[in-house]
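Undergrad: Go ahead and model the full structure; you've got the sequences and the hints to work with.
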Amino acid sequence: MKINILFFFFCIFSIGLISFSIQSDPELIEFVVPKKWPKPVYNFAKNPVSEEGFQLGRKLFYDPILSRDSTISCASCHLQYTGFTHVDHAVSHGIEGRKGTRNSPVLINLAWNSTFHWDGGVNNLEVQGINPIKHPAEMDNTLEEVIHRLSISETYPALFKKAFGSTEINTSTIMKALTQYTVSLVSSNSKYDQVQRKEKGIVFTDQEKRGLILFQAHCASCHKEPLFTNSFFASNGLKIDSLLNDVGRYSITQQPKDSMQFKIPTLRNIEFTFPYMHDGRFRKLKDVINYYSEGINTKDRHLSSQLNKSMNFNEMQKKDLLAFLYTLTDKSFLYNKRFSFPK
Amino acid sequence: MKILLLIVTLLFQVFIFGQENSRLQLTPLFNGLPLELDKNYILDDSSWYKFSTCRFYLSNLSFFKEGKLKELDNEAYLIDLEEPTRLFIGIKNMQFDQISFSIGIDSTTNVAGILDGALDPINGMYWAWNSGYINFKLEGTSSQSTEKNKSFEFHLGGYLAPYQTIQTVNLPIQTNSDPIIIHVDIYAFIRSIDFKKSSNVMIPGLNAVKLSSVLPSIFSVLPNEN
Chain A
1 MKINILFFFF
11 CIFSIGLISF
21 SIQSDPELIE
31 FVVPKKWPKP
41 VYNFAKNPVS
51 EEGFQLGRKL
61 FYDPILSRDS
71 TISCASCHLQ
81 YTGFTHVDHA
91 VSHGIEGRKG
101 TRNSPVLINL
111 AWNSTFHWDG
121 GVNNLEVQGI
131 NPIKHPAEMD
141 NTLEEVIHRL
151 SISETYPALF
161 KKAFGSTEIN
171 TSTIMKALTQ
181 YTVSLVSSNS
191 KYDQVQRKEK
201 GIVFTDQEKR
211 GLILFQAHCA
221 SCHKEPLFTN
231 SFFASNGLKI
241 DSLLNDVGRY
251 SITQQPKDSM
261 QFKIPTLRNI
271 EFTFPYMHDG
281 RFRKLKDVIN
291 YYSEGINTKD
301 RHLSSQLNKS
311 MNFNEMQKKD
321 LLAFLYTLTD
331 KSFLYNKRFS
341 FPK
Chain B
1 MKILLLIVTL
11 LFQVFIFGQE
21 NSRLQLTPLF
31 NGLPLELDKN
41 YILDDSSWYK
51 FSTCRFYLSN
61 LSFFKEGKLK
71 ELDNEAYLID
81 LEEPTRLFIG
91 IKNMQFDQIS
101 FSIGIDSTTN
111 VAGILDGALD
121 PINGMYWAWN
131 SGYINFKLEG
141 TSSQSTEKNK
151 SFEFHLGGYL
161 APYQTIQTVN
171 LPIQTNSDPI
181 IIHVDIYAFI
191 RSIDFKKSSN
201 VMIPGLNAVK
211 LSSVLPSIFS
221 VLPNEN
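If you're matching them up, the sequences are chains A and B in order.
All residue numbers for the first sequence refer to our numbering, where the first residue is 1 and numbers rise by one.
All residue numbers for the second sequence refer to our numbering, where the first residue is 1 and numbers rise by one.
Certain hints may be false.
Straight-line Cα separation of at most 25 Å, DSS-like style, residue types lysine-lysine; simulated pairs [as the list claims (entries may be wrong)]: (1) A/K35 with A/K59; (2) B/K210 with B/K137; (3) B/K50 with B/K68; (4) B/K68 with A/K257; (5) B/K137 with A/K134; (6) A/K134 with A/K224.
Residues from chain A that face chain B, not an exhaustive set, calculated with beta carbons under 8 Å [stated by the list, open to error]: (7) G121; (8) N124; (9) D140; (10) L143; (11) S166; (12) T167; (13) N170; (14) T171; (15) M175; (16) K176; (17) I213; (18) Q216; (19) H218; (20) I252.
Here chain A is said to cover these stretches of chain B; the calculated rule only asks that three of the stretch's residues, wherever they fall, bring their Cβ under 8 Å from a Cβ of chain A [what the hints assert, rightly or not]: (21) 56-64; (22) 114-120; (23) 128-140.
In short, the hints are calculated from the structure, not lab data.
Everything numeric in this text was worked out from a predicted model, so none of it was measured.
Think of the CB as a built atom: it goes at the ideal place given N, C-alpha and C, for glycine as much as any other residue.
TA: Structure representation (structure tokens):
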């Protein structure tokens, strides 16, 4: 008899729970794929983006609570107005000024990336966030500590409940929230895009047109439109830095053919994402173009075959190419309030 | 009404408890002796071994009867000598004469993004910089180690071709004991290691593949004792 009564209350309780959770279902946001763009690689089905999840991820992204000494947030190395990269630092700087070995990459159109990091070592956006949290030269923290801090905070448990239906915070919900934010960082409104969409009154200048033709002839095989990367790995012939000794993709696959191969980065917003390359060795976009034009050692045995003929651009061609690259700047992305520090 | 509630309660219980009523028990050994952490084992050749971590994944547990697949369990189990409760795997009550399982995590799971429970990266069986699970982890100290502090660390994993490390084990079951005891004698594994060449394997690659290929031989089920 007693058991039945207990069970009865249990039923009422569960019905209550169910209806409560129905009531506060997070508000899903549809991920919009820009016209004529390929399908995203990220599997949204497993982690549908909601307004609550996005806002939670955004808060986490800007919160130094994730780092051991609470000084560094994701945004310290990924600043919005520079395309979410670490402006001015060749290699990233973490807590206590510790230097990493690589330039922080931009966080742009990550939904289309099939691998992450310069060597492609990370195979899914959801698991990327474990790296900066644990890396001694980045946030130098542990997952246990992060979960603990968030769980005893005044604000976070309620936010996790709104986003994921439970106040319990674990690795999975933290990573999913961060992902909901970073996967939403889509830049598709540069002048280049507006011209592609044939928006009224927007046309390339003659100089930009000439630049586009040069780009398509010499660069687009790797920096493929519209994402300006084909997601593969390549070597553009950069000499190895003997201090950093970074062999790129080889450290992940242990296969000789992958030695000195790095992930081909997107060139969107390239005007503002300096310094350039995996070790930030070029400070100016002009330096990059000079390098491609006459700096490549075409005998380098790791060099990808697309680059084994010297381009030897003249001054005008260099300016044309630069002018085209500037059309990839998307101010509505770099200054989008929705992505900025949450107030 | 009362009866209805009673039936619902019973059904509920059957649903919750009815499926698992038999168990597999993993029993780690070293050269036939129960494997205990931090205990010094001395072999006949006077080499010694002390283990501090012994942890591995079992997955794709399949049950066969006369060659026919009866049941496939998609769960991944983290077996950890440090946590005695993790040495047991609950299984459904059924007739079978063979089981097979993978040592480690398959490639689909390795690329599936963030996962919970046994597969939560917080369990220390995950490489973040080279995303993927560590299938098998054995750490300790030994007279054979070439490291200054005599330590050894074997973190075996890797799912990318050509360095896949996941292994499959087939075990005939000729016992009706419950739990069914699966011996995991790491002696053969230890003996296969060329400590002079490497006392540490911490990344995917050829070494990890070679060492992993020994793992299936360390699992065995003894026939009925009585």
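Undergrad: Given A/N124 was flagged as interface, is its beta-carbon under 8 Å from a beta-carbon of chain B?
TA: This interface hint holds because 4 Å falls under the 8 Å limit.
Undergrad: Using C-beta distances, would you say chain A covers the stretch 56-64 of chain B, given that this needs three or more residues below 8 Å?
TA: violated (count 0)
Undergrad: Would the stated hint for A/T167 survive a check requiring a Cβ distance to chain B of less than 8 Å?
TA: violated, 16 Å
Undergrad: Closer than 8 Å Cβ to Cβ for three or more residues is the test here. Does the stretch 114-120 of chain B pass it with chain A?
TA: holds (count 4)
Undergrad: Are three or more residues of the stretch 128-140 of chain B within 8 Å, CB to CB, of chain A?
TA: holds (count 5)
Undergrad: Hold the hint about A/D140 up to the distance rule: shortest CB distance to chain B must be less than 8 Å.
TA: Since the shortest Cβ distance to chain B is 13 Å, the answer is violated.
Undergrad: Is B/K68 close enough to A/K257, meaning Cα to Cα at most 25 Å?
TA: Outside the cut-off at roughly 43 Å; violated.
Undergrad: Against chain B, run the beta carbon of A/T171 and see if the smallest gap drops under 8 Å.
TA: holds, 5 Å
Undergrad: For B/K210 and B/K137, compute the direct alpha-carbon distance and say whether it is at most 25 Å.
TA: Since the Cα atoms of B/K210 and B/K137 sit roughly 15 Å apart, the hinted pair holds (cutoff 25 Å).
Undergrad: Using 8 Å as the Cβ threshold, decide whether A/K176 counts as touching chain B.
TA: With a minimum Cβ separation of about 6 Å from chain B (threshold 8 Å), the hint on A/K176 holds.
Undergrad: Should the interface hint for A/S166 be scored as holding, given a Cβ-Cβ cut-off of 8 Å against chain B?
TA: violated, 12 Å
Undergrad: Using Cβ atoms only, decide whether A/M175 comes closer than 8 Å to chain B, and label the hint accordingly.
TA: Because about 4 Å separates A/M175 from the closest Cβ in chain B, which is inside the 8 Å limit, the hint holds.
In summary, the structure is inconsistent with hints 1, 3, 4, 6, 9, 11, 12, 17, 18, 19, 21 from the numbered list given earlier, while agreeing with the others.
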